[in-house]
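Based on the provided sequences and hints, a complete structural model is requested.
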Amino acid sequence: MSEDLIRVEHLSKIFSTGFIGRGEKIVAVNDISFSCKSGEVIGLIGESGSGKTTTARMVLKLLAPTSGEIYFKNKDIWTISNREYYRFVQGVFQDPYSSINPVYKVKHLFSNISNLLKEVPKGELDRRVKELLELVYLQPEVLEKHTHELSGGQLQRVLLANCLLVDPDIMLTDEPTSMIDASLRVVVLNVIKELSEKRKKLVIFITHDISQAFYICDRIAVMRGGEIVEQGPAEEVVLNPQHAYTQRLISDVPKLKRKFELSVEA
Amino acid sequence: MATEDGNILLQAVDVKGYYETPEGSVYAVNGCTLELHEEEIVGIAGESGCGKSTYGKLLMGYGKHPLRMVSGSVTIDRVNIYDKPWSERKRLWGSLIAMIPQYSMNSLNPTRKIQNLIIDSMKEKFRSSVSESEILERAKGRFMDLGLSPTVLGLYPFELSGGMKQRVVIAISTLLNPKVLIVDEPTSALDVSTQRLLLGLLFHIVKRKIVKSMIIISHDIASLRQICDCMYIMYAGKIAERSPMESMIDQPLHPYAKLLLGAVITPEPEIRKRRLDGIPGAPPQLIKPPASCPFSERCPYAWDLCRSLEPPFLEVEPERFVACWLYTKGGATFERGFDPSRTLK
Numbered sequence: 000m001s002e003d004l005i006r007v008e009h010l011s012k013i014f015s016t017g018f019i020g021r022g023e024k025i026v027a028v029n030d031i032s033f034s035c036k037s038g039e040v041i042g043l044i045g046e047s048g049s050g051k052t053t054t055a056r057m058v059l060k061l062l063a064p065t066s067g068e069i070y071f072k073n074k075d076i077w078t079i080s081n082r083e084y085y086r087f088v089q090g091v092f093q094d095p096y097s098s099i100n101p102v103y104k105v106k107h108l109f110s111n112i113s114n115l116l117k118e119v120p121k122g123e124l125d126r127r128v129k130e131l132l133e134l135v136y137l138q139p140e141v142l143e144k145h146t147h148e149l150s151g152g153q154l155q156r157v158l159l160a161n162c163l164l165v166d167p168d169i170m171l172t173d174e175p176t177s178m179i180d181a182s183l184r185v186v187v188l189n190v191i192k193e194l195s196e197k198r199k200k201l202v203i204f205i206t207h208d209i210s211q212a213f214y215i216c217d218r219i220a221v222m223r224g225g226e227i228v229e230q231g232p233a234e235e236v237v238l239n240p241q242h243a244y245t246q247r248l249i250s251d252v253p254k255l256k257r258k259f260e261l262s263v264e265a
Numbered sequence: 000m001a002t003e004d005g006n007i008l009l010q011a012v013d014v015k016g017y018y019e020t021p022e023g024s025v026y027a028v029n030g031c032t033l034e035l036h037e038e039e040i041v042g043i044a045g046e047s048g049c050g051k052s053t054y055g056k057l058l059m060g061y062g063k064h065p066l067r068m069v070s071g072s073v074t075i076d077r078v079n080i081y082d083k084p085w086s087e088r089k090r091l092w093g094s095l096i097a098m099i100p101q102y103s104m105n106s107l108n109p110t111r112k113i114q115n116l117i118i119d120s121m122k123e124k125f126r127s128s129v130s131e132s133e134i135l136e137r138a139k140g141r142f143m144d145l146g147l148s149p150t151v152l153g154l155y156p157f158e159l160s161g162g163m164k165q166r167v168v169i170a171i172s173t174l175l176n177p178k179v180l181i182v183d184e185p186t187s188a189l190d191v192s193t194q195r196l197l198l199g200l201l202f203h204i205v206k207r208k209i210v211k212s213m214i215i216i217s218h219d220i221a222s223l224r225q226i227c228d229c230m231y232i233m234y235a236g237k238i239a240e241r242s243p244m245e246s247m248i249d250q251p252l253h254p255y256a257k258l259l260l261g262a263v264i265t266p267e268p269e270i271r272k273r274r275l276d277g278i279p280g281a282p283p284q285l286i287k288p289p290a291s292c293p294f295s296e297r298c299p300y301a302w303d304l305c306r307s308l309e310p311p312f313l314e315v316e317p318e319r320f321v322a323c324w325l326y327t328k329g330g331a332t333f334e335r336g337f338d339p340s341r342t343l344k
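Line by line, the protein sequences are chains A and B.
Numbering that gives the first Met the number 0 applies: residue 0 is where the first sequence begins, and numbers increase by one.
Numbering that gives the first Met the number 0 applies: residue 0 is where the second sequence begins, and numbers increase by one.
Where hints are given, some of them may not hold.
Claimed, not checked - Once the Cα atoms are required to be at most 20 angstroms apart in a straight line, the calculated SDA-like pairs of lysine to any residue come out as:
no.	chain 1	residue 1	chain 2	residue 2
1	A	Lys256	B	Asn6
2	B	Lys211	B	Trp85
3	A	Lys258	B	Glu39
4	A	Lys199	B	Arg274
5	A	Lys258	B	Thr265
6	A	Lys197	B	Leu275
7	A	Lys60	A	Val102
8	A	Lys129	B	Gly280
9	A	Lys256	B	Lys208
10	A	Lys258	B	Glu38
11	B	Lys272	A	Lys129
12	A	Lys192	B	Arg274
13	B	Lys208	B	Leu197
14	A	Lys197	B	Arg271
15	A	Lys254	B	Arg271
16	A	Lys197	B	Arg273
17	B	Lys272	A	Glu234
18	A	Lys254	B	Leu189
19	A	Lys258	B	Gly261
Keep in mind that the hints were calculated from the coordinates and are not lab data.
What follows is the structure in structure tokens.
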């Protein structure tokens with residue numbers, strides 16, 4: 000058994016709103032634990048408000064947990080410097096328009112992240128950027144464009160290429176294909192899958208779309224109201240769900256081979 | 000398509016609609032034919048930018064600057080909608096044909112109660128010939144049909160859940176029992192449980208004859224598959240294939256339909272058994288559409304003819320229409336001696 004790359008133990012996050020003492024408390028993530036190894040694709044699925052993104056933000060050190068620990072290679076992530084941590088862990092966020100500064104061109108994004116890679120010569124870096132853009136089916140011309148000149152799907156692919164530039168061990172992707180059309184979505188999912196299979200990356204794949212998670216994930220954790228209600232191998236969770244919530248969620252997804260039983264009554 | 004069929008409700012023949020821009024015309028809908036029968040639910044599927052929403056607008060007679068209806072005709076219940084002046088068309092919208100545009104549930108004015116929204120929209124239509132109480136009476140009846148409590152009439156839009164807002168929008172659009180209802184992307188931005196309820200509701204309003212037939216425009220083929228009888232797949236402003244739903248799912252004919260359906264991911268066991276292939280590349284620019292088959296650039300089966308001439312839209316099997324050279328006489332089916340429906344996997 001190889002050692003766990005990321006281990007999350009009893010992680011919770013409580014947000015407070017309103018005045019101190021009088022406000023409400025919102026439990027966004029409630030005592031979740033999971034661990035993952037390199038070469039795996041882990042799906043975190045759930046409907047909106049289930050705490051998927053909050054979990055991702057904590058793993059990315061963007062949000063301090065209320066309680067619980069996250070370990071990267073058996074080291075508490077809060078003891079690792081950001082510079083060090085982001086060499087190994089990178090994220091792709093949900094809304095590509097707010098992930099990129101609209102004032103700068105796309106190439107600025109790549110030159111920013113390349114600060115993490117001081118030792119790599121410039122020419123080598125440019126070659127790598129081109130390669131990565133090719134990997135996600137983009138032309139090198141996108142480097143000279145601003146965000147408003149690209150579609151949501153193109154930007155999401157730019158971000159994917161961008162996070163690959165540092166060659167991280169762990170990639171956290173939050174709805175990375177939400178704006179990509181069906182015909183290209185599969186292509187991007189295949190790219191992500193290959194990263195884990197061939198280059199032994201750990202991918203934490205966050206989505207509300209069970210179908211996509213089913214297609215690329217090795218293991219799936221189903222979240223609801225901040226808790227993991229069910230986790231296990233993707234095939235088992237999706238084809239033979241045990242928890243009532245997972246069962247309902249999966250039965251409500253439209254299938255191609257089978258039709259819903261639709262009653263004429265409202 | 001048989002034109003003499005008695006129960007054809009909507010017939011669109013070779014519709015072309017362009018957007019006029021300073022850079023030139025964008026050929027958004029470039030010769031699309033569609034037929035809708037009574038009690039039928041038709042789905043129009045395609046990727047973003049293929050012209051499906053524009054086609055929906057043109058089908059209802061909404062050719063307004065910068066969109067221009069260039070040629071073709073749309074006949075709804077024996078009324079040629081483009082023969083009518085704008086003011087007349089406005090009168091027909093709602094009773095002859097109605098549309099629920101994309102994101103319409105977010106367009107309810109948050110400062111007005113639902114009943115005022117309904118009264119406003121009906122007053123606009125009938126001036127003073129109908130009283131407010133009559134309108135409300137009717138709205139109550141329709142709300143009941145759709146499983147909404149009449150007390151919703153007294154609420155503000157922000158007090159309703161997403162599913163309830165969708166029902167309100169459907170109730171307003173169907174208040175005058177339109178013959179044809181066009182629904183644009185009804186399921187986007189809803190969670191799966193609400194999506195399922197909504198599909199049931201759309202099915203219900205056709206089966207209960209609240210509307211006579213329906214056209215659903217969506218990129219979500221798995222959702223369309225649940226309730227549509229027949230499906231049109233659009234690509235770059237053209238219809239690639241029209242087939243009854245079952246045959247489209249089991250054995251799509253057009254290479255694009257085949258590849259697109261092959262890229263649909265669902266939580267079914269087959270999905271994990273093999274690697275799915277997407278369609279690399281991008282659709283052509285519609286500001287200068289190619290003279291060739293629009294899909295030839297990305298099509299793995301394209302040959303010389305495909306790259307030089309646009310294929311006709313022909314009935315190749317009963318009820319099945321395809322615009323592809325592989326299925327025409329003199330095309331690959333015969334010359335190269337293969338049946339693409341078997342070789343394409």
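Going through the hints against the structure:
no.: 1; hint: Lys256(A) <-> Asn6(B); in the structure: 30 angstroms, violated
no.: 2; hint: Lys211(B) <-> Trp85(B); in the structure: 24 angstroms, violated
no.: 3; hint: Lys258(A) <-> Glu39(B); in the structure: 17 angstroms, holds
no.: 4; hint: Lys199(A) <-> Arg274(B); in the structure: 18 angstroms, holds
no.: 5; hint: Lys258(A) <-> Thr265(B); in the structure: 12 angstroms, holds
no.: 6; hint: Lys197(A) <-> Leu275(B); in the structure: 17 angstroms, holds
no.: 7; hint: Lys60(A) <-> Val102(A); in the structure: 26 angstroms, violated
no.: 8; hint: Lys129(A) <-> Gly280(B); in the structure: 17 angstroms, holds
no.: 9; hint: Lys256(A) <-> Lys208(B); in the structure: 27 angstroms, violated
no.: 10; hint: Lys258(A) <-> Glu38(B); in the structure: 19 angstroms, holds
no.: 11; hint: Lys272(B) <-> Lys129(A); in the structure: 32 angstroms, violated
no.: 12; hint: Lys192(A) <-> Arg274(B); in the structure: 10 angstroms, holds
no.: 13; hint: Lys208(B) <-> Leu197(B); in the structure: 17 angstroms, holds
no.: 14; hint: Lys197(A) <-> Arg271(B); in the structure: 18 angstroms, holds
no.: 15; hint: Lys254(A) <-> Arg271(B); in the structure: 14 angstroms, holds
no.: 16; hint: Lys197(A) <-> Arg273(B); in the structure: 17 angstroms, holds
no.: 17; hint: Lys272(B) <-> Glu234(A); in the structure: 11 angstroms, holds
no.: 18; hint: Lys254(A) <-> Leu189(B); in the structure: 17 angstroms, holds
no.: 19; hint: Lys258(A) <-> Gly261(B); in the structure: 18 angstroms, holds
In summary, the numbered hints that this structure violates are 1, 2, 7, 9 and 11.
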